[in-house]
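The primary structure of each chain is shown beneath.
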Amino acid sequence: MENNEQLERFFEQMKKQDEELHIPPFPEYKTKRMNLWIPAGIAASLTLVGLIMHEPQPLPEAPNEVLIITLQEGENNEQEFTIEEKAYLDVWESPTASLLTDY
Amino acid sequence: MNRKQLDHILKSYHREAYIWARQCCAFDDELAKDVLQQVYLKILEGNAKLKDIEKAKTWLFSIIRYTAIDQFRKQGKVISLDESYEVEDFKEEIDQTDYQAIIQLLPKMQQEVILMVFYHQMTIEQSAEVLQIGLGTARTHYDRGKKKLKELITKVQIQEDYGK
Chain Y
1 MENNEQLERF FEQMKKQDEE LHIPPFPEYK TKRMNLWIPA GIAASLTLVG LIMHEPQPLP
61 EAPNEVLIIT LQEGENNEQE FTIEEKAYLD VWESPTASLL TDY
Chain A
1 MNRKQLDHIL KSYHREAYIW ARQCCAFDDE LAKDVLQQVY LKILEGNAKL KDIEKAKTWL
61 FSIIRYTAID QFRKQGKVIS LDESYEVEDF KEEIDQTDYQ AIIQLLPKMQ QEVILMVFYH
121 QMTIEQSAEV LQIGLGTART HYDRGKKKLK ELITKVQIQE DYGK
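Protein sequence lines, in the order shown, are assigned to chains Y and A. Numbers 1 to 103, taken from UniProt numbering, label the letters of the first sequence in order. Numbers 1 to 164, taken from UniProt numbering, label the letters of the second sequence in order.
By construction, these hints were calculated from the structure, which means they are not laboratory data. For each residue, glycine too, the CB sits at the ideal point set by N, CA and C. Any given hint could be a false lead.
Computed footprint of chain Y on chain A; a stretch qualifies when at least three of its residues, placed anywhere within it, have a C-beta under 8 angstroms from a C-beta of chain Y [stated by the list, open to error]: (1) 10-16; (2) 60-71; (3) 143-151.
Starting from the given sequences, assemble the full structure and let the hints guide the process.
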């Protein structure tokens, strides 16, 4: 049988003294609940602004004339540029196009 | 476990939790408040989860103890784990009603086991769980702490009677 009377008395007195202690109140923690209407409203406003601001723009028209600059080897083995002016790109034929058909 | 249940458990243990936090913080009120605040945040943010509702008190005490140790470490304070058995001569006179000063003369682990058993009415098994040590080790701390505290109480009484 343990004789803890002395210790029990000691702790009883200690507890009595602690009754005078100021215990801080239990803190209230609030969970941050986001109101879903706020982000939904922001998203809707942004979509609306986007629709208003973004007017369909006409596609740029193709240029009437196209400059074709070709680098060619001249008579004296010199590199020279030839500049041609065509109505549109589809009339231009690649100088190496024949390679595609020959092989 | 939902937030409401957790809130209810924490509220029901709040007083004891604060007193234990204070005891773990060398009876420093401000530090105990900080520690308890951190403990509640850890729990409510889900960083410490209660698995067994039956062990709520042990679980809460364990979190408080580790948070207090952590706080001490951050402040650069060292907790002595000296387990020397001899009761050292205390230079200053200690009032026999200065229970906090007397209990603090015990080595830290003995102090904690004794406080949990005698003050907080826990079993040695529960205190072993809080301290995360084996039951045998907890029993050793308990026996040594008890013996040492008895000696201290007697010594303080003699000192006070002799002084009169």
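Status of the hints after comparison with the structure:
no. : hint    : verdict
1   : 10-16   : holds (count 4)
2   : 60-71   : violated (count 0)
3   : 143-151 : holds (count 3)
Going down the numbered hints, you'll see the structure goes against just number 2.
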